[in-house]
Amino acid sequence: MTGIFLLLFCYLMGCVLSTLMHHFIPGSVLGMLLLFGALSLRWIRPAQVEGVSRFLLRHMMLFFVPVGVGLITSYSLLSHYMVAIIVASLASTVLVIAVVGWVEQRLERRMKHKTSLSKPHDGDPA
Amino acid sequence: METLLNSQLFLLTLTLGVYLAAVVLRQRFPCALLHPVLVSMAVLIGFLKLTGVDYECYREKTQVIDFLLGLSVVALGYVLHDQIRNIRGNVISIVVSIFVGSVVGILSVVWIARWLGAAPAIVASLEPKSVTTPIALAVSESSGGIPALTSIAVIVVGVFGGIVGPWVLRRIGVESRIAQGLAMGAAAHALGTARAMELGAVEGAISGLAIGLMGVTTAVLIPILERLL
Numbered sequence: 011m012t013g014i015f016l017l018l019f020c021y022l023m024g025c026v027l028s029t030l031m032h033h034f035i036p037g038s039v040l041g042m043l044l045l046f047g048a049l050s051l052r053w054i055r056p057a058q059v060e061g062v063s064r065f066l067l068r069h070m071m072l073f074f075v076p077v078g079v080g081l082i083t084s085y086s087l088l089s090h091y092m093v094a095i096i097v098a099s100l101a102s103t104v105l106v107i108a109v110v111g112w113v114e115q116r117l118e119r120r121m122k123h124k125t126s127l128s129k130p131h132d133g134d135p136a
Numbered sequence: 089m090e091t092l093l094n095s096q097l098f099l100l101t102l103t104l105g106v107y108l109a110a111v112v113l114r115q116r117f118p119c120a121l122l123h124p125v126l127v128s129m130a131v132l133i134g135f136l137k138l139t140g141v142d143y144e145c146y147r148e149k150t151q152v153i154d155f156l157l158g159l160s161v162v163a164l165g166y167v168l169h170d171q172i173r174n175i176r177g178n179v180i181s182i183v184v185s186i187f188v189g190s191v192v193g194i195l196s197v198v199w200i201a202r203w204l205g206a207a208p209a210i211v212a213s214l215e216p217k218s219v220t221t222p223i224a225l226a227v228s229e230s231s232g233g234i235p236a237l238t239s240i241a242v243i244v245v246g247v248f249g250g251i252v253g254p255w256v257l258r259r260i261g262v263e264s265r266i267a268q269g270l271a272m273g274a275a276a277h278a279l280g281t282a283r284a285m286e287l288g289a290v291e292g293a294i295s296g297l298a299i300g301l302m303g304v305t306t307a308v309l310i311p312i313l314e315r316l317l
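Chains A and B, in that order, give the protein sequences.
Per the numbering used here, residue 11 is the first one in the first sequence, and the count goes up by one each step.
Per the numbering used here, residue 89 is the first one in the second sequence, and the count goes up by one each step.
The hints are simulated quantities; they were obtained by calculation from the structure and are not laboratory data.
These numbers were taken from a predicted model, which means no experiment stands behind them.
There may be inaccurate statements among the hints.
Claimed, not checked - Heads up, incomplete: computed chain B residues facing chain A, CB under 7 Å, no partners named:
1. Leu138
2. Val152
3. Val179
4. Ala201
5. Pro208
6. Ile210
7. Ser231
8. Ile234
9. Val247
10. Ile251
As the list claims (entries may be wrong) - Derived DEER-like restraints, expressed as beta-carbon distance ranges:
11. B:Ala289 <-> A:Pro56: 34 to 42 Å
12. B:Ala289 <-> A:Val26: 23 to 31 Å
13. A:Lys124 <-> B:Leu122: 16 to 24 Å
14. A:Ala101 <-> B:Glu90: 41 to 49 Å
15. B:Arg258 <-> A:Lys122: 46 to 54 Å
16. B:Trp199 <-> A:Arg120: 35 to 43 Å
Stated by the list, open to error - Just some of the chain A residues that point at chain B, by a computed CB distance under 8 Å:
17. Met11
18. Phe15
19. Ser38
20. Ala57
21. Glu60
22. Gly61
23. Val77
24. Met92
25. Val110
26. Glu114
27. Met121
Heads up, the beta-carbon is just placed ideally off N, CA and C, and yes, glycines get one too.
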């Protein structure tokens with residue numbers, strides 16, 4: 011029960027903040043950051059929210075269903091723009107995968123290179 | 089009979105039942121397209137069409153589920169905290185990669201969709217497509233998108249990213265395990281993470297972290313980029 015209260019409280023504070031900034035960022039996302047902050051600052055112990063968090067995340071897929079059923083109301087709009095939707099989503103996905111993987115590997119190697127300059131022959135198996 | 093069909097008790101029980109049945113179906117026949125959310129949506133849409141129950145009514149009666157969706161986004165804060173120890177020496181590179189990936193993801197989908205003539209509401213629905221559904225829905229709603237379309241796009245992107253991700257990474261020569269996990273989680277959220285888990289434990293954990301980071305970054309960037317575009 012403490013866990014549920016803590017999550018609700020973070021959610022509430024997130025929504026308050028969101029209202030203050032004219033819903034620039036959704037309240038639930040701010041609530042997530044608040045929970046993360048509270049855990050990092052040790053205001054909340056991980057064990058207090060672990061049970062309820064794991065429960066919610068395990069069943070998260072269910073929570074999308076009612077929203078998805080809303081497709082029933084925008085079906086014609088969707089079918090009209092089908093090609094744009096599919097092409098844009100899929101092309102952008104490939105780009106994100108490539109960019110994130112490439113940038114991360116580049117930066118990792120550069121940092122490893124720097125540390126291996128200070129202590130040479132560290133045996134970098136890359 | 090009609091009042092029973094329109095009752096909260098019935099609609100909640102039905103939604104849960106259909107969802108559980110879809111999960112079982114997926115366990116019997118493991119196929120990416122039989123995603124439980126897609127199957128549940130199709131069955132429930134069919135049900136509403138057949139019985140003539142109004143969507144507005146359905147949505148109102150199942151509001152508890154919407155509420156839990158918001159709460160589960162908050163719960164992601166726990167996962168983020170739980171995963172953060174996995175990245176010790178790579179904080180800067182991970183933050184930079186996710187930031188770049190988030191910008192590329194938003195801009196590319198907006199430009200391609202506009203170029204193909206999509207309406208503004210469609211573009212707004214697609215902007216958060218790389219992000220885990222609960223965050224994507226919240227973002228889509230506040231930027232004028234259609235949440236239902238966003239939820240479909242997110243699932244399709246996840247399924248697709250999970251399938252092609254490892255291939256794309258091999259093609260461009262990405263070998264780092266951290267980079268692989270990060271890319272999978274950033275582009276294809278939980279479905280990418282599921283695939284990353286198969287690549288290895290490190291990939292899986294980093295991928296889980298990428299979901300949270302990508303979600304936060306994108307949620308913050310979309311309102312900012314929207315003013316600039």
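- Query: Does the CB of Val247 of chain B sit less than 7 Å away from some CB of chain A?
  - Reply: 10 Å, violated
- Message: Let's test the interface hint: is any C-beta of chain B closer than 8 Å to that of Val77 of chain A?
- Response: 5 Å, holds
- Supplied contact hint for Ile251 of chain B, tested at 7 Å Cβ to chain A: 10 Å, violated
- Given Glu60 of chain A as an interface hint, is the shortest Cβ-Cβ distance to chain B below 8 Å? 7 Å, holds
- Query: Regarding the hint that Phe15 of chain A lies at the interface with chain B, is the smallest CB-CB distance below 8 Å?
  - Reply: Since the shortest Cβ distance to chain B is 12 Å, the answer is violated.
- Falls inside 46 to 54 Å, the C-beta gap from Arg258 of chain B to Lys122 of chain A? Violated, at about 21 Å.
- Item | Closest C-beta approach of Gly61 of chain A to chain B relative to 8 Å, hint status | It is violated, given that the least Cβ distance between Gly61 of chain A and chain B is near 10 Å, above 8 Å.
- Message: Using the nearest Cβ pair, does Ala201 of chain B come within less than 7 Å of chain A?
- Response: 4 Å, holds
- Item | Interface hint outcome for Met11 of chain A [beta carbon to chain B under 8 Å] | At 14 Å from the nearest chain B Cβ, Met11 of chain A fails the 8 Å test, so the hint is violated.
- Query: Given Val110 of chain A as an interface hint, is the shortest Cβ-Cβ distance to chain B below 8 Å?
  - Reply: At about 4 Å, which falls below the 8 Å cut-off, the nearest Cβ of chain B leaves the hint on Val110 of chain A intact, so it holds.
- Item | Supplied distance hint 23 to 31 Å, evaluated on CB atoms of Ala289 of chain B and Val26 of chain A | 39 Å Cβ-Cβ, so the 23 to 31 Å window is violated.
- Item | Status of the hint placing Ala57 of chain A at chain B (closest C-beta pair under 8 Å) | Where the cut-off is 8 Å and the nearest Cβ of chain B is about 10 Å from Ala57 of chain A, the hint is violated.
The structure fails hints 1, 2, 3, 5, 7, 9, 10, 11, 12, 13, 15, 16, 17, 18, 20, 22, 24 (numbered hints given earlier, in ascending order).
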